[in-house]
Amino acid sequence: MSQDSTILCIGAVLWDIIGRSPNHMERGADVPGRITRLPGGVAMNIAMTLAGFGMKPVLLTAVGRDPEGNELISACADLGMECSHVYRSEDLPTDRYMAVEGANGLIAAIADAHSLEAAGAKILRPLTEGPLGTPGQPFEGRVALDGNLTLHLLEEIASSPAFAHADLRVAPASPGKALRLRPFLRHPGALLYVNLEEAGLLCATDFPDAESAALGLLAKGARRALVTDGGKSACDATQDGPITLTPPKVMVTRVTGAGDTFMAAHIVAEAEGAGREDALQRALNAAARYVSGQNPL
9 MSQDSTILCI GAVLWDIIGR SPNHMERGAD VPGRITRLPG GVAMNIAMTL AGFGMKPVLL
69 TAVGRDPEGN ELISACADLG MECSHVYRSE DLPTDRYMAV EGANGLIAAI ADAHSLEAAG
129 AKILRPLTEG PLGTPGQPFE GRVALDGNLT LHLLEEIASS PAFAHADLRV APASPGKALR
189 LRPFLRHPGA LLYVNLEEAG LLCATDFPDA ESAALGLLAK GARRALVTDG GKSACDATQD
249 GPITLTPPKV MVTRVTGAGD TFMAAHIVAE AEGAGREDAL QRALNAAARY VSGQNPL
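First residue of the sequence shown: 9, per my numbering; consecutive thereafter.
These are computed hints drawn from the structure, not numbers from a lab. You can take every hint at face value.
Simulated pairs of lysine-lysine, DSSO-like, Cα-Cα distance not exceeding 27 Å: (1) 64 with 130; (2) 257 with 240; (3) 228 with 240.
My request is simple: use the sequences and hints to build the entire structure.
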């Protein structure tokens with residue numbers, strides 16, 4: 009199965025519970041603001057933006073059969089995602105993510121993706137047992153993969169014939185899970201999307217900027233690396249050389265999901281035939297619109 013607009017989104021699909029305040033916040037702050045609940049998770053955020061751009065995201069994840077899970081699946085379907093291949097567990101609850109953001113950015117976050125981790129390789133059955141792929145006919149299209157899976161499962165994916173012919177786009181989910189991406193540093197079909205901190209963790213080095221970090225990942229064996237650094241530069245590095253651009257200056261009103269929006273917009277741009285520089289610029293523009301509170305589309 010490989011269609012131009014189809015992309016598999018593998019990883020966390022859960023409920024985001026986000027508290028936002030317009031005030032500067034420090035540890036222990038107690039301030040007024042707004043609390044929202046909406047579908048989230050790295051794979052979900054990527055899929056949502058992809059769907060908005062007209063692509064057909066297919067979710068491979070774990071969602072409980074509890075009321076929260078039923079509501080989440082319904083919301084995903086309404087947003088244009090294919091949910092028929094989602095692993096629905098009878099005994100695992102639907103995962104959640106909680107974050108607090110202030111005027112000075114993300115204050116703290118907790119990702120409760122234990123059900124996704126417990127489900128393990130069960131979420132990949134449609135790729136190994138059909139209908140999306142089989143050992144004799146592996147999936148050959150685009151895959152967006154996030155690092156919320158366990159290290160063991162990510163290691164399996166990195167060496168699995170089921171992903172040998174895929175256009176594999178990989179994100180770590182958070183700096184705390186960046187080291188889980190090490191198996192993909194030498195994967196011939198992988199493009200790593202990381203921020204400056206995550207690149208430093210993968211290379212065990214402190215980098216001064218996105219370009220040096222992207223080149224550092226290539227030195228570690230990566231085929232291609234795309235490194236962002238917030239409102240500073242972003243770099244797409246391959247053996248043909250680095251391309252470095254600076255994002256538009258905007259007023260930041262939200263940060264959770266910005267990296268996922270960037271990754272999705274970049275995938276869409278390349279799916280539409282954009283060159284490396286154009287794709288990077290389009291992704292930076294989409295992420296800037298997102299963090300400023302606008303529609304990234």
